[in-house]
Amino acid sequence: DAGVIQSPRHEVTEMGQEVTLRCKPISGHDYLFWYRQTMMRGLELLIYFNNNVPIDDSGMPEDRFSAKMPNASFSTLKIQPSEPRDSAVYFCASSFLQGGAEAFFGQGTRLTVV
Amino acid sequence: QQQVKQSPQSLIVQKGGISIINCAYENTAFDYFPWYQQFPGKGPALLIAIRPDVSEKKEGRFTISFNKSAKQFSLHIMDSQPGDSATYFCAASRAGFQKLVFGTGTRLLVSP
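Protein chains in written order, with my numbering: chain A, 1 to 114; chain B, 115 to 226.
Take these hints with a grain of salt, some might be off.
Result set (DSS-like, lysine-lysine): computed pairs, CA atoms no more than 30 Å apart in a straight line [to be verified]:
1. 172/B x 156/B
2. 182/B x 172/B
3. 68/A x 129/B
4. 24/A x 213/B
5. 119/B x 185/B
6. 78/A x 213/B
7. 213/B x 172/B
8. 119/B x 213/B
9. 68/A x 213/B
10. 119/B x 156/B
11. 185/B x 213/B
12. 156/B x 171/B
13. 171/B x 185/B
14. 24/A x 68/A
15. 129/B x 171/B
16. 129/B x 156/B
17. 156/B x 78/A
18. 156/B x 24/A
Here are the computed distance ranges between Cβ atoms for each label pair [unchecked claim]:
19. 81/A x 190/B: 45 to 55 Å
20. 62/A x 167/B: 36 to 46 Å
21. 83/A x 190/B: 20 to 30 Å
22. 59/A x 143/B: 14 to 24 Å
23. 40/A x 223/B: 38 to 48 Å
24. 51/A x 181/B: 11 to 21 Å
25. 156/B x 27/A: 16 to 26 Å
The set of hints was computed from the structure by calculation and includes no laboratory data.
Ideal placement from N, C-alpha and C gives every residue a C-beta, glycine not left out.
For reference, chain A alone in the conformation it holds in the complex:
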C-alpha cells in the first residue's frame, strides 16, 4: 500500500482565499484523522471520522474550518476564508479498529497564508 496520501504537499495562498486540503487514507482503514502541527501548539487533533462519519470535531478551531469524507477513500479539509494564523502543517492519518490505535500519518501539507 502507498500509505496515506495527501495533496498538495505545499500550498501558498493569500489571506481570504479558500484552501482545500486532500487526503486518501490507507485502503481498509475505517478511521481518518486531521491534525494541525505548529511550533507553538504541537500536534492538535482537529477532527476524526469513523466509517466516513464525523465523530469528534471539537478540535476544529473556527467555523472557517470544515471537513468532509464523502467516501472511504477520500477526505477534504477546507478553510474559508483563510487567515495568516492558519499557516501550519496539516496531517491526515488513518487507522483501523482491529489494529489498535496505531495511526499512520501522511507526509503533510505545509500551508502558508500570506
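Position chain B against the provided structure of chain A, taking the given hints into account.
Just chain B now, with coordinates in the frame of chain A:
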C-alpha cells in the same frame, strides 16, 4: 485529564549515549501508550508502543519503561546515533477509542 505531559522540550546527546524522554498522564482510562518519531518534512511514524500489562518493552535500541502507579512512561534510546535526531512524541489512548492524545514533542539532537 486528557493531557499527556512530555519533557524535556529538547535534548542534546552525544553519539553512543542514552537519550531519555519522559511522559506523564492523568487519565487512568488510558491503556495504549505509543511513541512516534518524526523527521523534518515527514509525518510522525510509530516507533514503539506499550500497554499497561507490562512494565517494559524493548525493540532494538528503543525501550519503553512504564510505571502504572506513577502514571508515567518513558522512552530510552540506547547507543544514540546521529540518525536518531528527530522529534519524538509520546501519546495515549483509551480502550475502545482510536483517538490519540499527543504530548508536546521532544526535539532530539545526537551530536557526532
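Structure-based check of all given hints:
1. 172/B x 156/B: Satisfied, since the Cα-Cα distance of roughly 25 Å is no more than 30 Å.
2. 182/B x 172/B: holds, 17 Å
3. 68/A x 129/B: violated, 46 Å
4. 24/A x 213/B: holds, 19 Å
5. 119/B x 185/B: Within the cut-off at roughly 11 Å; holds.
6. 78/A x 213/B: This hinted pair holds, its Cα atoms lying about 21 Å apart.
7. 213/B x 172/B: holds, 24 Å
8. 119/B x 213/B: holds, 17 Å
9. 68/A x 213/B: holds, 18 Å
10. 119/B x 156/B: holds, 23 Å
11. 185/B x 213/B: Holds, at roughly 19 Å.
12. 156/B x 171/B: Holds, at about 26 Å.
13. 171/B x 185/B: Given pair residue 171/B, residue 185/B holds - Cα atoms ~16 Å apart, limit 30 Å.
14. 24/A x 68/A: holds, 12 Å
15. 129/B x 171/B: holds, 23 Å
16. 129/B x 156/B: holds, 23 Å
17. 156/B x 78/A: holds, 22 Å
18. 156/B x 24/A: Status holds; Cα separation ~16 Å.
19. 81/A x 190/B: 45 to 55 Å: Distance hint for residue 81/A, residue 190/B holds at roughly 46 Å.
20. 62/A x 167/B: 36 to 46 Å: The hint (36 to 46 Å, Cβ to Cβ) holds, given that residue 62/A and residue 167/B are roughly 41 Å apart.
21. 83/A x 190/B: 20 to 30 Å: violated, 42 Å
22. 59/A x 143/B: 14 to 24 Å: Once the Cβ atoms are compared, 19 Å apart, the range 14 to 24 Å for residue 143/B and residue 59/A holds.
23. 40/A x 223/B: 38 to 48 Å: violated, 20 Å
24. 51/A x 181/B: 11 to 21 Å: violated, 36 Å
25. 156/B x 27/A: 16 to 26 Å: Cβ of residue 156/B to Cβ of residue 27/A: about 21 Å, so the range 16 to 26 Å holds.
The structure does not agree with the numbered hints 3, 21, 23, 24 stated previously, though it agrees with the rest.
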